[in-house]
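Based on the provided sequences and hints, a complete structural model is requested.
The residues making up each chain are set out below.
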Amino acid sequence: MDTRNTNTPSGSTSAPQGAPHHVMVIDPNRCVGCWTCAVACKEINNEPLGFWWNRILTTGPNQSTASAPPASDNIDVPRGVYPDVEMAYLPVACQHCNDAPCVKVCPVGATFRRDDGTILVDYERCIGCRYCMAACPYGVRIFNWGDTEYAPGGVVGYGQDYRSDGRLVFTPERPVGVVEKCTFCVERIDVGEQPFCCEACPVGARVFGDLNDPESEVSQLVNAGGAEQLHPELGTDPNVYYVPIRKRPVVQG
Amino acid sequence: MDVSRRSFLGASATVVGGLVLADRMRFLQPLSSPPKAPRVGPRPAAATGEAVFRTGHSNNCDGACGHLIHVVDGRVTMIGPANWDPTTIGGAPTPTFHPRICARGTAQISNTYSPDRIKYPYKRVGERGSGKWERISWEEATTLIAEKFTEIQRKYGKPSVWIAPYTGSLSLIEGVVGAGYRFASVTGASAGDSQGDNEGDSATPAGWNYVLVDPEDPANGGGFFAGHEATDFMSAKAIVFWANNIAETSIPDWRIMCDARDRNGTQLISVDPRFTPTSAGCDTWLPIRPGADAALIDGIINYVITNKLYDADYISKYTVGPYLVDPSTKKWLQADAVISGAKKDYVVFDEAGGTIKAASDPTLQRPALFGTHPVAGIQAYTAMQALADMAAKYTPEYTEKLTDVPAAKIVDLAKTWGTVKPVAVRVGFALSHWYHGDLNMQALLTLQAITGNIGVHGGGVTTFAGGLTTTAFDLGHWWNPTGKPYTVLEPMNFCDAAMKNDPYPVRAAWFMIDNFAQQMSDRNRVIDAMKSLDFCVVSDYVLSATADLADVVLPACTYLEKTDLLSSNNFYLQYMPKVIDPLFESKSDLDAIRMVAQKMGVGQYFDKTPDEYLRELLHIGDPEADPTVRGLTWERLTKGAVHLNTDPTPFVPFFDKKFPTKSGKVEFYVEMLVPFRQELCEHQEPIEASPTNPLFSKYPLVFLSTHTRFRTHSQYVNLPWLKEINNGGQGFLEINPKDAKARGIADGDTVRVFNGRGEMKVYARLTEAIKPGVTNCYQGGWDTINVKHYLAGHPNNLTHQIANPAQAVIPNFPSNAAYYDCLVQVERIPTGA
Amino acid sequence: MTSNIAQLATPPTAGHHPHARTGFWYTVLAVVAAFGVTAWVYELRSGLATTGMRDVVSWGMYIYTFAFFIGLSAGGLIVASSAEVFGVAALKPLSRLGVLSAGACVAVAGLMIIPDLGRPARVLNLFIHPNWSSPLVWDILIISAYFVFAIADLTVLQRRAAAPSRWRRAARVLAYVGLPLAVLLHSVTAWIFGLQIARSWWNTALMAPLFVVSAMLSGTALVTLLALGAQRWTSFVLPDATRRWLRGLIVVTLFVDLFFVGCEYITVLWGNVPDDRAVLRLVLPGGSWSWTFWLEWVVGGLVPLVLLLVPRLRRMPGMLGIAAVLTLVGVYAFRIELIVVGFVDPLTQYPPGIALGASTAPGGSFQLVGHYAPTWVEYGIVLGLFAVFAAIVTIGFRGLHVTEDSPANVPDERDAEVAS
Ligand SMILES: Nc1nc2c(c(=O)[nH]1)N[C@H]1C(S)=C(S)[C@@H](COP(=O)(O)OP(=O)(O)OC[C@H]3O[C@@H](n4cnc5c(=O)[nH]c(N)nc54)[C@H](O)[C@@H]3O)O[C@H]1N2
Ligand SMILES: Nc1nc2c(c(=O)[nH]1)N[C@H]1C(S)=C(S)[C@@H](COP(=O)(O)OP(=O)(O)OC[C@H]3O[C@@H](n4cnc5c(=O)[nH]c(N)nc54)[C@H](O)[C@@H]3O)O[C@H]1N2
Ligand code: SF4
Ligand code: SF4
Ligand code: SF4
Ligand code: SF4
Ligand code: SF4
Ligand SMILES: [Mo]
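Chains as they are written, first to last, in numbering that gives the first Met the number 0: chain F, 0 to 252; chain B, 0 to 832; chain U, 0 to 419.
No wet-lab data here; the hints were simulated from the structure. All residues carry an ideal CB built from backbone N, CA and C; glycine is no exception. Certain hints may be false.
[As the list claims (entries may be wrong)] Per the computed footprint, the stretches of chain B lying under chain F, defined by three or more beta-carbons under 8 Å from a beta-carbon of chain F, are:
#1 72-83
#2 97-111
#3 376-385
#4 494-508
[Unchecked claim] Part of the chain F face toward chain U, derived, beta carbon under 8 Å:
#5 51
#6 56
#7 57
#8 58
#9 60
#10 72
#11 73
#12 89
#13 106
#14 126
#15 132
#16 133
#17 138
#18 146
#19 176
Below, the structure written as structure tokens:
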């Protein structure tokens with residue numbers, strides 16, 4: 000059967016009975032650091048300048064656990080000495096931790112975990128204490144300091160409020176003084192669409208789906224493929240996984 | 000009339016349309032990952048009044064993506080990737096082609112609504128280049144242009160008005176093969192060649208034509224260019240990215256390479272002096288001395304031949320390998336001259352009988368591939384022997400000396416080439432940016448020929464994956480409605496024409512969709528030439544460096560504000576509807592041309608709407624239309640992105656092994672290049688960037704100015720989204736820490752890059768990703784009155800305009816600027832200086 | 000206006016002090032406080048973008064000053080309670096002063112959080128939707144409790160002064176409550192930081208003990224200064240025995256404090272975990288934050304120790320005060336080092352770094368290593384709150400007749416101290 004271009008939204012078709020467990024799997028072996036997912040995220044969420052819910056880090060291979068200091072302040076600079084160099088790209092947005100430090104520390108429960116594993120911020124409850132930023136090991140939260148600037152002017156992207164369980168978890172122009180971050184594109188996944196970054200990634204390095212569905216591609220990548228979490232030693236148990244980086248390239252001696 | 004590069008599959012009416020399918024088994028479907036390429040769609044819960052359009056992104060990038068545009072209240076609110084029709088016009092299923100877009104694509108909203116847009120027509124009031132403008136109306140502007148053009152044509156002759164070539168957009172009506180040429184043709188003006196590459200993309204196509212096309216055959220229209228359809232790389236067992244940073248310059252195609260790797264275990268190999276995102280994603284990276292590519296290829300050829308890893312069967316059947324060469328003339332031995340009673344034919348040595356025979360002699364059993372054979376008193380050798388002899392000196396050790404690639408790695412690569420099949424090569428236009436770019440291509444094709452990799456799925460040498468599928472379009476008539484072609488003036492000849500009346504005076508120019516004053520090499524000379532013009536018009540949507548030098552500036556539309564068609568780098572027809580009304584007073588280039596044409600008395604050639612032109616060009620509804628578009632309806636064209644009528648498997652040039660050359664075979668021995676001593680692909684040192692160049696002692700660093708994923712040439716340079724992720728919008732020079740140390744340069748220091756032609760100032764970025772002795776500064780950053788992407792100048796202040804005469808044998812692919820064949824010195828600018 | 004306040008607040012016992020000086024003091028405080036209010040209004044209107052904080056260093060002067068004040072609030076209470084619990088009679092004269100200072104400090108610390116909130120108007124959410132897993136909620140709770148306790152204790156001490164026999168027991172009970180409460184306050188505050196796995200610089204079990212001891216140190220130093228000040232400007236008398244106790248307390252807590260910090264350093268240096276090393280390198284000599292090291296170890300560490308331990312020096316007049324000031328400087332530097340440096344070097348630190356949430360930053364929109372310098376707004380608000388603190392203490396001092404705690408007619412032994 001020709002399965003391509005068929006109008007089957009991913010999340011909903013194969014979801015088994017019971018609540019889905021949403022995870023994203025990113026394949027750094029494919030990722031070329033093109034930043035499409037980051038700009039797409041910026042677009043759909045109308046992120047002001049200086050806001051990047053999603054960003055692409057330049058690392059060495061297998062850096063998800065090791066923590067050697069970066070090779071340079073600049074992206075695209077490999078580790079090592081010519082010609083024995085190595086480099087990989089690591090797209091990092093909110094990891095949607097199952098044991099999320101940000102949820103634990105939020106004094107008012109503005110940051111909360113949905114049953115599907117998605118971590119969201121209630122923009123109407125957040126008091127702007129930024130404790131969650133201090134607590135997040137991944138540096139993915141962004142505070143709306145108040146000097147926001149948009150380019151282009153005017154709202155782009157999803158463009159309307161979205162509520163989950165009655166709580167305001169997306170609004171085109173987030174209020175000043177509250178904290179924001181990747182929502183797993185809750186407004187899309189709730190209707191069975193892919194998060195926009197996954198849809199936009201030109202190389203198919205990002206897969207989203209239901210970990211409760213053993214047939215789903217994410218299940219395969221996580222269970223059989225051995226996809227790893229970032230900083231597993233911290234016990235945050237993220238819902239974003241990374242396919243292990245195969246050592247490459249064969250450098251010349 | 001010339002047709003070419005992106006423009007032509009040329010004879011490929013037969014090639015594309017008449018593709019026969021034998022080896023269908025070979026082709027593999029791309030891995031769909033995620034498994035069901037989910038159909039992308041409008042966002043859920045669409046805002047009230049939201050309209051969604053599908054269009055193609057035509058702006059000078061090989062991605063040729065389809066965009067889904069969301070519009071609310073006449074304003075674009077979102078851009079995402081769009082679907083491709085799963086079938087051809089004729090209804091045959093096509094290989095999986097995923098929706099595609101990149102960061103630049105999603106940033107197009109900010110491009111269209113950028114504060115940098117030119118809002119109104121302007122007339123220069125200050126000195127040329129002073130940045131002083133006065134707003135005028137379209138009426139005034141076009142009247143002025145028409146008057147000036149007419150006056151100058153009267154004074155200096157019709158061709159003294161030059162319509163510059165353009166690649167800023169690859170669309171059909173206005174872009175790379177667009178209406179500007181039609182305007183030149185009906186006004187008698189001269190124009191850049193229709194292949195549209197002012198600049199750097201014709202050397203490798205020329206090399207391709209040397210080996211695969213007979214430029215003198217009218218059916219070939221002076222040369223054409225084609226590549227394997229992107230999805231065909233699924234069939235390769237090894238893919239070599241030769242001077243190709245595909246992961247930055249054709250990002251969505253990288254997905255197919257990964258699919259091939261992940262599903263078929265395809266090896267990915269990068270040959271590049273820089274460790275690029277592509278290299279980082281490959282299994283093997285071979286850093287090479289830039290400009291030494293032919294030497295490395297010759298080294299592989301030598302290894303393949305001496306170790307008998309070549310495909311003897313393929314060579315005999317499909318190449319000129321067995322044909323005998325007359326050593327005195329280096330030309331083909333002629334059967335009618337050496338074999339009595341024979342007709343005009345090639346001559347071979349039949350090993351079966353030990354005799355000389357005409358190539359088409361039915362009694363021929365085993366033509367000798369190698370050897371020198373006495374014929375009519377001369378010692379004639381086979382083309383293959385000539386190749387073997389030429390390559391013999393390229394031992395791994397000798398090749399290592401020339402290329403800096405370790406001998407063992409050369410052997411590894413050669414073994415791969417000789418044992419793995421098929422091997423596909425993706426060649427970057429980077430190779431074209433060398434004086435001997437044609438030779439590099441010729442060498443790669445030679446290697447692919449002797450290893451049996453041409454005209455097969457998963458093989459070939461592809462630069463432009465696909466090629467602009469213009470056999471479908473009635474271009475001849477489009478450009479020359481009067482039947483009288485325009486005069487071609489190549490961009491490499493513009494400066495001489497403007498400043499020395501050579502070959503004839505050019506006194507006025509219209510640059511549209513072209514940032515010539517920045518993107519053309521030897522920029523200081525270009526600016527002098529532009530300043531010497533009597534009259535200069537620039538159409539652009541932003542105030543480019545070229546627009547800075549105009550007398551009249553016309554505000555153009557972006558791809559979202561006008562109707563056109565994109566058919567580039569893949570085999571889909573992407574209708575580009577006008578998605579929003581033109582902003583401010585901007586007008587489409589077609590409208591601008593129409594207004595000027597009317598005032599010059601040739602308005603009748605521009606009196607149709609884009610839709611009407613498209614119907615005409617594609618012969619919609621015409622049963623005689625080109626087979627690739629036969630059966631296309633207007634509805635189908637405008638509804639989605641429909642694939643041309645090709646075979647259901649991905650397009651492979653010369654899949655039928657019928658080569659449009661004189662011999663009908665792959666001519667790795669190129670007779671027409673004998674005068675240039677380039678009949679074989681023997682390595683030649685670069686014209687400038689070589690240690691053998693005396694200039695090397697003064698300017699010891701090779702200077703590359705490559706393409707970055709954060710912009711398309713000079714487009715999107717000032718878009719905040721992209722600037723933020725691209726070093727805050729500041730240009731930099733990549734330099735190896737070794738070279739930096741020798742010059743006392745630290746990361747982030749300000750440096751001066753200079754040579755005899757000019758200089759630029761820029762921040763230094765120390766990186767081990769670049770070979771010592773090589774530097775790189777991404778080209779295209781703005782050096783305009785308002786915006787300085789570099790601290791001063793532009794890489795093209797340093798590049799030259801030395802033309803390679805060999806390329807003249809392929810009329811459609813005359814010499815281009817050898818941007819990377821360039822030497823510089825770098826010095827630290829002390830702080831405070 | 001200010002003179003009115005001054006008059007109102009000037010207790011009759013201060014009659015022998017010139018009104019003019021008091022008036023001047025209140026005027027200065029009022030001006031500084033007004034400046035703080037202005038800065039806050041400006042911050043409210045323009046958002047926290049007016050501060051030097053951004054997404055890498057997302058907590059700054061407000062939080063480290065908050066932590067500093069929490070620390071200060073300890074000393075007073077511990078000194079006051081110790082007098083009761085451990086029966087240190089020599090500390091009795093500091094009872095009310097200590098509790099007053101503790102109350103004032105904790106009040107100011109509580110206030111300090113408000114300007115740090117992006118949405119101060121939603122502060123009630125803390126009570127409407129408390130999330131009990133958050134150390135911050137516990138901290139708010141204990142701060143409130145501590146404040147209430149300080150008021151209660153002051154009231155009791157005040158009553159005790161009037162009717163010693165009736166209130167002695169209550170005072171004693173409160174003293175027993177006060178000590179653990181103080182320890183708890185500092186521990187919970189320490190856990191705001193110390194429990195965070197994201198910041199290896201903070202994530203140490205030693206954090207609570209460290210906070211407790213540095214709180215005792217800074218609190219004692221503050222009470223010392225207040226007492227010296229009171230002695231200088233009022234009829235309050237600081238007896239010798241009390242001075243010795245104060246000196247001893249400072250010396251001991253300073254030792255322990257430096258010991259703890261030293262332990263942290265040693266652990267990191269010996270362990271050689273790259274992340275931890277990287278942070279410590281910022282602090283150690285040569286690093287970009289080494290000024291905090293020098294302030295902590297030399298200015299606020301070695302120097303006061305020398306001043307207080309070398310017999311010849313410690314006998315010199317004013318040395319105790321100087322040492323106390325230096326100690327406070329050291330502890331404040333330690334707070335800065337702790338909080339800011341915890342942010343400067345984020346755990347997930349690869350180029351291009353963390354998005355700043357601002358486009359206006361000079362180096363672009365990302366930072367790999369955080370930068371932070373407070374703006375005038377932050378200085379303004381913090382100074383304003385210092386003024387509030389000073390005002391509370393002054394007014395409280397007068398209002399509570401703290402001078403009464405000091406034994407009258409104690410011979411001035413300042414220059415005849417005996418080394419023991
Ligand atoms: N993002 C982006 N994409 C683009 C464009 C763009 O501007 N931006 N432009 C489009 C156009 S018009 C073109 S022509 C293509 C160009 O596409 P490419 O040819 O892929 O791009 P380049 O950056 O020119 O060069 C590719 C690599 O060749 C290497 N190279 C340079 N000289 C040599 C050499 O002598 N030998 C070898 N082996 N390698 C060498 C460089 O280090 C570089 O990494 O990209 C198209 N796509
Ligand atoms: N040093 C150096 N120089 C190079 C290269 C290199 O690698 N190094 N690469 C060369 C190559 S391969 C190429 S192809 C050229 C490309 O050179 P150009 O074709 O000049 O490059 P672009 O910046 O893509 O586009 C030119 C202008 O067209 C405008 N434009 C885009 N769309 C439209 C439209 O629809 N209407 C109008 N009126 N204007 C439009 C853009 O705003 C831009 O100012 O550069 C060449 N120059
Ligand atoms: S990545 Fe950070 S923000 Fe996201 S859930 Fe984990 S701790 Fe919270
Ligand atoms: S900033 Fe908002 S979301 Fe974060 S901890 Fe504070 S209240 Fe919770
Ligand atoms: S899931 Fe949505 S919000 Fe999260 S990074 Fe992707 S696009 Fe952004
Ligand atoms: S879009 Fe895909 S390839 Fe590009 S940076 Fe993001 S994950 Fe990597
Ligand atoms: S810039 Fe190129 S790769 Fe990016 S969306 Fe446009 S066509 Fe596609
Ligand atoms: Mo190009």
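Quick rundown of the hints versus the structure:
Residue count for the segment 72-83 of chain B with a Cβ under 8 Å from a Cβ of chain F: 9. That meets the three needed, and the coverage hint holds. Restraint check on the segment 97-111 of chain B versus chain F: 12 residues with Cβ-Cβ distances below 8 Å, three needed, restraint holds. Given a C-beta distance limit of less than 8 Å, the hint that chain F covers the segment 376-385 of chain B is violated, as 0 residues qualify and 3 are needed. As drawn, the segment 494-508 of chain B meets chain F at 0 residues by the rule of a beta-carbon pair under 8 Å; below three, the given contact is violated.
A least Cβ separation of about 4 Å between residue 51/F and chain U falls short of the 8 Å threshold, and the interface hint therefore holds. Restraint check, residue 56/F versus chain U: the minimum CB separation of about 4 Å is within 8 Å; hint holds. Because the smallest distance between the Cβ of residue 57/F and any Cβ of chain U comes to about 5 Å, under 8 Å, the interface hint for this residue holds. For residue 58/F, the suggested interface contact is upheld, since its CB lies about 5 Å from the closest CB of chain U, less than 8 Å.
The restraint placing residue 60/F at the interface with chain U is violated, with a minimum CB-CB distance near 13 Å, outside the 8 Å limit. Restraint check, residue 72/F versus chain U: the minimum CB separation of about 5 Å is within 8 Å; hint holds. Taking 8 Å as the C-beta cut-off, the interface hint given for residue 73/F holds, the closest approach to chain U being about 5 Å. Using the Cβ-Cβ criterion of 8 Å, the hint placing residue 89/F at the interface with chain U is satisfied: the shortest such distance is roughly 7 Å.
For residue 106/F, the shortest C-beta to C-beta distance to chain U is roughly 4 Å, which falls under 8 Å, so the interface hint holds. For residue 126/F, the interface hint holds, since its Cβ comes within 8 Å of a Cβ in chain U; the closest pair sits about 4 Å apart. Contact between residue 132/F and chain U, as hinted, is supported at the beta carbon level, the nearest pair being about 4 Å apart and thus within 8 Å. Of the supplied interface hints, the one on residue 133/F holds, with its beta-carbon coming within about 6 Å of a beta-carbon of chain U, less than 8 Å.
Taken as an interface hint, residue 138/F checks out: its beta carbon lies about 4 Å from the nearest beta carbon of chain U, inside 8 Å. A least Cβ separation of about 4 Å between residue 146/F and chain U falls short of the 8 Å threshold, and the interface hint therefore holds. Hint status for residue 176/F: holds, given a least beta-carbon distance of 3 Å to chain U, under 8 Å.
Violated hints, listed in ascending order, are 3, 4 and 9; each of the other numbered hints is respected by the structure.
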